[in-house]
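Could you put the whole structure together from the sequences, leaning on the hints where they help?
In terms of UniProt numbering, the sequence shown opens at residue 1 and continues consecutively.
Watch out, some of these pointers could steer you wrong.
Okay, the calculated beta carbon distance ranges per label pair [stated by the list, open to error]: (1) ASN93 <-> GLU120: 19 to 29 Å; (2) GLN55 <-> MET145: 42 to 52 Å; (3) LEU194 <-> GLN55: 47 to 57 Å; (4) ALA98 <-> TYR237: 14 to 24 Å; (5) PHE164 <-> ASN122: 53 to 63 Å; (6) TYR192 <-> TRP107: 23 to 33 Å; (7) GLN55 <-> SER94: 55 to 65 Å.
Keep in mind the hints are simulated off the structure, nothing from the lab.
All residues carry an ideal CB built from backbone N, CA and C; glycine is no exception.
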Amino acid sequence: MPPKLYHPQPTHAIPVSNMRVNTRYEPTAGFSGTSVPSVQAANPSAYLPNSATAQMGFQLGKNAVNAGQEYVEQNFGKWLSTTRLHHYFTVTNSYVVAKLLLIIFPWRRRSWARKLRRSEINGSAEGYCPPAEDLNSPDMYIPLMAFTTHILLLCALAGLQDDFQPELFGLRASKACAVVLVEFLATRLGCYLLNISSQSQVLDLLAFSGYKFVGLILTSLSKLFEMPWVTRFVFLYMYLATAFFLLRSLKYAVLPESTMAINATITSHQRSRRIYFLFFIAASQILFMYVLS
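What follows is the structure, encoded as structure tokens:
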């Protein structure tokens, strides 16, 4: 039988207060033992000297922005609205190819009248068909792409001749924009003096003023043959083609005969003056194309 084991007994009393365990958790920051400060939601008005003054300033700024947007919409919205711009960029691949061929070979075209979009309810005219549905409708896609290609092509030709500089992009683009702007303003002035007005006239004139860059691209490409007579021939042909194209395309705006025209009824004297103005626009293309080439 094994002997009994006797455990030692403490000879002094253990204080109960030292055995108390603090079950409350206190967050600490790292190993420093300091408490993490509580984060309160930021109040923007607390940083302002006077919340009433700030609210008044915000309201005045909001009213100024709304007034500016309303002014732009009233004065420029009818020309630069999203709906109108979308109309000029509604194109297809087949339209682009057919339009380029029409600009280069306008002599083969028989009908130059624009198609009207009719209402499905009463059949009344609501406007012109978009370019994708009417080859005679002006667009912004071809003029914009031709403008960009013309600038890049001139810079590329300058590089082939070891005459390229980075500033050439800006100079060529500024020159082309200035020529288009002068032509547009001159045409608008003539339309104003002759009391010519039609729907979407501003965007139409901008579109037609950009079609000349198609002929300028072909003229620049002809310089690769390094034969001056070829370049002169291409330039002369493209001038005649562009002039004839504008002569027939702008007829609906200068000599309105459809129900979409605002002032369709004109006298014989006004008609003759507008015909002269139309020929002036076509003849002036040789000057603009020569400056840009």
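Kindly confirm whether 19 to 29 Å is satisfied by the beta carbon distance between ASN93 and GLU120.
holds, 28 Å
Do GLN55 and SER94 keep their Cβ atoms within the hinted range of 55 to 65 Å?
holds, 58 Å
Starting from the range 47 to 57 Å, see whether the pair LEU194 and GLN55 falls in it by beta-carbon distance.
holds, 54 Å
So the hint says 53 to 63 Å: do the beta-carbon atoms of PHE164 and ASN122 match that?
Distance hint for PHE164, ASN122 holds at roughly 60 Å.
Kindly confirm whether 42 to 52 Å is satisfied by the beta carbon distance between GLN55 and MET145.
holds, 50 Å
Taking the beta carbons of ALA98 and TYR237, is their distance inside 14 to 24 Å?
holds, 20 Å
Assuming the hint says 23 to 33 Å, is it satisfied by the Cβ distance from TYR192 to TRP107 or not?
Because 32 Å falls inside the window, the suggested range holds.
The structure is consistent with each of the numbered hints, conforming to all of them.
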